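*Asks:* All chains should be built: construct the whole structure from the sequences, respecting the hints.
Protein chains in written order, with our numbering: chain R, 712 to 1048; chain W, 712 to 1048.
Derived by calculation from the structure, the hints in this document are not laboratory data.
A hint or two may mislead.
When chains are identical, the list treats them as one kind, so a pair holds in a single copy or across two.
Each computed DMTMM-like pair below joins lysine to aspartate or glutamate, with the alpha-carbon atoms no more than 25 Å apart [what the hints assert, rightly or not]:
1) K1029 - D979
2) K959 - D1004
3) K767 - E1030
4) K863 - E1027
On a predicted model such as this, the values are computed, not experimentally measured, just so you know.
Protein chains: 2
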Amino acid sequence: MIIDCHGHYTTAPKELENFRNAQIAALGDPQPQPTKGSLKISDDQIRAGLEGAQLKLQRERGTDVTIFSPRAMGMGHHIGNETTSRHWSEHCNDLIHRVCSLYPDNFVGVCQLPQTPGVSPRNCIRELERCVRELGFIGCNLNPDPSGGHWKDPPLTDRYWYPIYEKMAELDVPAMIHVSASCNPNFHATGAHYINGDTTAFMQFIMGDIFKDFPSLKFIIPHGGGAAPYHWGRYRGLAQDMGKPPLKELLLNNVFFDTCVYHQPGIDLLLRVIPTDNILFASEMVGAVRGIDPETGHYYDDTKRYIDAVTWISKEDKEKIFHRNVRKVYPRLAVKH
Amino acid sequence: MIIDCHGHYTTAPKELENFRNAQIAALGDPQPQPTKGSLKISDDQIRAGLEGAQLKLQRERGTDVTIFSPRAMGMGHHIGNETTSRHWSEHCNDLIHRVCSLYPDNFVGVCQLPQTPGVSPRNCIRELERCVRELGFIGCNLNPDPSGGHWKDPPLTDRYWYPIYEKMAELDVPAMIHVSASCNPNFHATGAHYINGDTTAFMQFIMGDIFKDFPSLKFIIPHGGGAAPYHWGRYRGLAQDMGKPPLKELLLNNVFFDTCVYHQPGIDLLLRVIPTDNILFASEMVGAVRGIDPETGHYYDDTKRYIDAVTWISKEDKEKIFHRNVRKVYPRLAVKH
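*Replies:* Next comes the structure, spelled out in structure tokens:
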């Protein structure tokens, strides 16, 4: 069994984008109460978008289940206001639910939250609860920077975020820390903002004390943990200089890394540095990098190949990475698979 | 010969900090024209700060020369205005010059630039010219985010920055890309802002075309290139998806990485992924991480040990990393050492 914990619905029918464009265009309208509107997408359209992409790649690469969420770049929490974000998130999450209902063996849902810069994450509780209790979702994506590259909300360890953590703890669902598009021209989205978001969140977790307040809370830092594993010595040293306990004790009961690292040396480092119990298999296909690596002849994002090529960890450790750890981090997954 | 290309004057006499505090305190004064003021520090005070720290560590670790610049965290380009920044930079650079004059065999100067958010880098030309032509400095530190964590100036590839690049090209000096303190509570300075700054700059260089306009320009991305080497596959793939040439051709004539990575697996990855010609030895001692790694019994930032421990690169390659490359990247170094 191979479970990919990080897939986004990047191949949704174009009606979704049309809806979003219309929603954004209407932001300038004088109407006092924007309407939620509706999305007309047939099951066949959904099937067509997946069959030639995610499902084909699952078959070709030999992965079984993808934990699936709305397109990260599309979340765009900085656009409009909290009503904009609520309507958009509900539509996106409903669509994920339809995908998971059409292909219950292949996809399990994770939701986008209706975050808005400067608006308390308390605002997201209703949608998280709806997705988990009504749609059977098993986690959420939490954007540490709803402003889209301006980093205006407090760090993730601030009490500002506690309402959503309380609900996550109650529902027993984890969050993947995942930024969305960047509207700061300094940050290329997938090349800088994503990786910086990961690195930033990791360092926030070192400094803060949220796991004392929420000992059961679990976060996945995607894209191989940003820069954290490569600079593991720096982070161990910084924590030590601050008088913190070793990283393992400080946060490795609560923080996990995915394997979205698109070359062999990077995966080798990840597996060498981070305890196997903290690594979850993921590819983020069909995502940031779509090409074939001329050096290997395979897709950059075919991360299973890199893990298969590692000879110095045991079969049991690989099973942890491929599916055992993910079941622990997403306890609600057990219900289905 | 071992040349450390990345050292900051982190052990300056406390008079420097007192001066800065007074300068900042005076920012609220109603006087129309702030005065530069003077700094009273004796040669003996300078010697005392270095003898028990950088010089002691050079001897203990067996490194010969440190390319030395003002404390990066102290640059604080976001504080005050361009006059504040000019006065402060002149004092800091003069102090580096005194260090290099007292210990000409041990230190070579690199300057801080009097950057200010929203003010053209043209403003920095005079100080760069003074430091190189009058003080014998061989390079500069360029802050890609003078706002200190708000990232409000244009990307490094924007024509906004061209005046300083023109002067760098004329003087034949490189720049190390180095942010300063963070005043955004999301970013821990050395744990997030520094590494994010490196990653961000690297991605900007992939997207922009400045090396077509400045084929001789050279940049050092410190802290092992931020996240870039760990995510080298991602960056190769992103460049490929954008229709850019391979990274080697796109930027490796102009972009170099230092070895400030504080554990063995990180250095192993760096040396495995990045061509040896693009790696410059550095430790950033006495810097971000000051402790001893309990796993090795040695200082985290004793990076020479990690490189010494690599058995799979040749003696010639190590000589490139330890001193040959740095002479190419800093052509003015040759005059002295």
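*Asks:* How would you classify K959 and D1004 at a CA-CA limit of 25 Å: within, between, both, or neither?
*Replies:* between (34 Å within a copy, 15 Å between copies)
*Asks:* Can you give me the call for K1029 and D979, within, between, both or neither, at a CA distance of at most 25 Å?
*Replies:* both (13 Å within a copy, 23 Å between copies)
*Asks:* At most 25 Å between alpha carbons: which applies to K767 and E1030, within, between, both or neither?
*Replies:* within (23 Å within a copy, 49 Å between copies)
*Asks:* For K863 vs E1027, is the C-alpha pair at or below 25 Å within one copy, between two copies, both, or neither?
*Replies:* Neither. Shortest intra-copy (43 Å) and inter-copy (48 Å) distances fail the 25 Å Cα cut-off.
The earlier numbered hint that this structure contradicts is number 4, and it is the only one.
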